[in-house]
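Respectively, the protein sequence lines represent chains W and G. Going by this note's numbering, the letters in the first sequence line up with residues 66 to 245, in that order. Going by this note's numbering, the letters in the second sequence line up with residues 100 to 203, in that order.
Rather than coming from a laboratory, the hints here were simulated on the basis of the structure. Treat the hints with care, since some could be wrong.
Said to hold, decoys possible - Each computed PhoX-like pair below joins lysine-lysine, with the alpha-carbon atoms no more than 20 Å apart:
(1) W:Lys199 <-> G:Lys106
(2) G:Lys136 <-> W:Lys199
(3) W:Lys180 <-> G:Lys164
To be verified - The following label-pair restraints were derived from C-beta to C-beta distances:
(4) W:Ala116 <-> G:His138: 54 to 64 Å
(5) G:Pro102 <-> W:Glu213: 41 to 51 Å
(6) G:Glu119 <-> W:Glu196: 15 to 25 Å
(7) W:Lys155 <-> G:Glu119: 53 to 63 Å
(8) G:Phe108 <-> W:Thr216: 55 to 65 Å
(9) G:Glu119 <-> W:Ser183: 34 to 44 Å
(10) W:Asp165 <-> G:Phe202: 38 to 48 Å
What the hints assert, rightly or not - If you want the footprint, here are the derived chain G segments under chain W, 3+ residues with CB under 8 Å:
(11) 115-128
(12) 132-140
This one's a predicted model, so the numbers in the text were calculated from it and none came from an experiment. Here a beta-carbon is modelled for each residue, glycine too, at the ideal position from N, C-alpha and C.
Residues per chain are reported as follows:
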Amino acid sequence: MANIIPHVVWFLAVLSASLLCAWKWPDLIKDSTTSFSTIGFFVTLYGVIFAIVEVKRAKSAAELAEHEAKKAHEKINDFFSVRDIVECQKAIETAVSCIDEGQRISASTLCLIVKHYSEIFHVQLNDAKSEHRKNRSTIDSYYFTASEIPTPSNVHLKRSLLSSMGHLSQMVGLKSSYKE
Amino acid sequence: MIPKQLKEFISALSDFTEGEKIVWNEGDNDAFFCDHKNHTLHIWHHFDEDRGLSSFIFRLVTAGKSTQFRVTEDENDYEIMRCLYESVVANANNVSEDIADFFE
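Please construct the entire structure, taking both the sequences and the accompanying hints into account.
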């Protein structure tokens with residue numbers, strides 16, 4: 066019902082305009098030929114307005130569909146991001162447990178952390194001064210040196226892992242917060 | 100040995116490090132790293148207990164590409180790397196700020 070309201074309003078407006086013109090300039094309806102032309106003009110005018118209203122409506126419907134599609138895409142992305150974040154957090158927990166128990170951290174655990182951390186914070190990692198970049202480089206540095214040492218130290222690594230865990234938890238909070 | 104292509108780079112890096120135009124951070128196991136633009140530099144002092152040989156390992160990482168070289172104490176470039184490493188340590192510890200008020 067709401068769909069025809071603009072058309073009715075424009076129809077009434079064009080009708081009023083045509084009646085006003087007929088009243089103001091009676092020559093416009095002095096004989097059948099002139100009347101036919103005048104009516105033809107107003108019918109065409111209404112047709113053009115009708116078409117404009119419909120085009121605008123179709124455009125806004127397309128924009129709405131695009132907006133909804135974007136929202137759905139973002140939600141799917143968020144789902145996959147949260148899955149990666151949780152996997153990265155688990156790998157960090159494993160690494161910290163190894164440090165606490167005095168065990169060597171496996172290369173696969175460190176690779177998994179770097180892989181997910183780099184994916185999740187790819188924007189922040191472009192900034193050479195960011196805490197994220199420092200964390201990744203510390204993990205990288207440890208990975209680089211530990212392979213050649215029987216008992217590698219890991220003070221800086223543990224600090225960076227805990228800092229990374231904080232960043233990841235913050236990201237989970239952001240992703241899972243309510244979005245309309 | 101320092102690769103020929105990196106000799107000038109290492110020399111300029113020493114100047115930049117001493118001039119504190121870049122910032123080095125301490126890692127574990129006597130390693131240090133520097134994040135600068137899209138590059139990450141690593142330098143590491145390693146003592147091989149089995150061979151009784153000390154060495155410096157340097158790595159340049161740019162956009163996923165890693166270029167690494169090692170200089171052992173029996174090589175001519177060792178002194179250059181030792182000087183670089185010492186200026187890196189001073190840079191990472193921000194020692195110039197620490198001693199700024201020493202003689203006041």
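Hinted pair Lys180 of chain W and Lys164 of chain G, Cα distance within 20 Å: 15 Å, holds
Lying within 41 to 51 Å: is that true of the beta-carbon distance Pro102 of chain G to Glu213 of chain W? At 20 Å between Cβs, range violated.
Verdict for Asp165 of chain W, Phe202 of chain G (Cβ pair) under range 38 to 48 Å: Cβ of Asp165 of chain W to Cβ of Phe202 of chain G: about 44 Å, so the range 38 to 48 Å holds.
Holds or violated: Lys136 of chain G and Lys199 of chain W, Cα atoms, limit 20 Å. OK: Lys136 of chain G and Lys199 of chain W at ~13 Å, within 20 Å.
Cβ contact check, 8 Å cutoff: the stretch 132-140 of chain G against chain W, three residues minimum: That given contact holds, which follows from 6 residues of the stretch 132-140 of chain G lying within Cβ reach (below 8 Å) of chain W.
Go check the stretch 115-128 of chain G versus chain W for me, would you? Three or more residues, Cβ under 8 Å, otherwise it fails. Satisfied; 5 residues make the cut.
Could you say whether the range 53 to 63 Å given as a hint is met by the Cβ separation of Lys155 of chain W and Glu119 of chain G? For Lys155 of chain W and Glu119 of chain G the Cβ distance comes to about 40 Å; the hint is violated.
Supplied distance hint 54 to 64 Å, evaluated on CB atoms of Ala116 of chain W and His138 of chain G: 59 Å, holds
Is the distance from the Cβ of Glu119 of chain G to the Cβ of Glu196 of chain W consistent with 15 to 25 Å? Holds, since Glu119 of chain G and Glu196 of chain W (Cβ atoms, about 20 Å apart) stay within the stated range.
Please test the hint of 34 to 44 Å on the beta carbon pair from Glu119 of chain G and Ser183 of chain W. Check failed, 28 Å falls outside 34 to 44 Å.
Within 55 to 65 Å or not, the Cβ separation of Phe108 of chain G and Thr216 of chain W? 33 Å, violated
If you draw a straight line from the CA of Lys199 of chain W to the CA of Lys106 of chain G, is it 20 Å or shorter? 26 Å, violated
The structure fails to meet hints 1, 5, 7, 8, 9 from the earlier list, while all remaining hints are met.
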